[in-house]
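If you read the protein sequences in the order shown, they are chains P and B. Using the working numbering, you'd call the opening residue of the first sequence number 251 and step up by one each time. Using the working numbering, you'd call the opening residue of the second sequence number 15 and step up by one each time.
Treat the hints loosely; a few may be bogus.
Listed below are the simulated DSS-like cross-link pairs for lysine-lysine, each with C-alpha atoms no more than 27 Å apart in a straight line [what the hints assert, rightly or not]:
1) B:K56 / B:K117
2) B:K80 / P:K364
3) B:K56 / P:K365
Which residues of chain P face chain B? A partial, calculated answer using Cβ under 7 Å [unchecked claim]:
4) T346
5) V350
6) V355
7) G356
8) G359
9) L362
10) K365
11) M382
If you're looking for bench data, these hints aren't it; they were derived computationally from the structure. On a predicted model such as this, the values are computed, not experimentally measured, just so you know. For each residue, glycine too, the CB sits at the ideal point set by N, CA and C.
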Amino acid sequence: MNLQRQYFFVKYSVTSHNLNFCDEKLDISNSENGNITIYFNFLYTVALVIKRKQQAHVQTNKVHQQWMFNKLQEMIISLIDDGQPYDPTLIADPDTTLSVEERPVGGLGIFLIKKITDKVEYVRKTNKNYLMLTKNMNQ
Amino acid sequence: MKVQVTKSADYSVAILEGRVDTTNAGELERAMSEIIEGGSNKIILDCSGLNYISSSGLSVFLLIQKKMTPLKGQFRLCSLQPGIREIFDISGFSSTFSLFSDKESAMKW
């Protein structure tokens, strides 16, 4: 499946306003490139997790998502809300070397998104939180 | 997501298919907990049909491992697809869990 087709899936999903349906549409597991499928699914799910955490934190449903590709073939997911300042990039990374007994359950979502994306940025401007996830799809 | 469990006298094999995410991670936890509570302390989770896992799914895997450890049980995962294996590597789970390339290897106790 080429990039243009994937872009279509993403664009279509965003405009559908139905998250479950979006997720299904992004599950392009029969595509030629399984890794890209994983990335799409993973990015999407983590974006949802972050969005829900933001919703819980800011007590508002006004969280907007924007998906786009730029000319460098970077996929950029932006999550924007107008709640209290909340920077998930400040969450400490889990210690992945701990034993089973020592290792706490959870805390992997934002860590994994940091690892599989090329850039995670947070900015606060005009009383809004902007979280941008960037993934270069050429890699 | 589908979990199909086969029990023998010595061990249980659970075949996991589909995707594990926030919507069904609890279902997987219940299914695996039932196996443990049923007395099995040797479990093989066949992941050949697992094509997606979220951080919620990873948490369930860790929970199961945590339940098995004090019971001196063995929880083995086999046949992870490359994309899933990559997530395991990033999260440090590759060294936390006993991973096997195929079910036959995992069944050699």
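For each hint, the structure was consulted:
1. B:K56 / B:K117: holds, 13 Å
2. B:K80 / P:K364: holds, 26 Å
3. B:K56 / P:K365: violated, 33 Å
4. T346: Check passed: Cβ of P:T346 comes within 3 Å of chain B, closer than 7 Å.
5. V350: Hint holds; P:V350 Cβ to chain B Cβ min 5 Å, cut 7 Å.
6. V355: holds, 5 Å
7. G356: Hint holds; P:G356 Cβ to chain B Cβ min 5 Å, cut 7 Å.
8. G359: holds, 4 Å
9. L362: holds, 6 Å
10. K365: This interface hint holds because 5 Å falls under the 7 Å limit.
11. M382: violated, 20 Å
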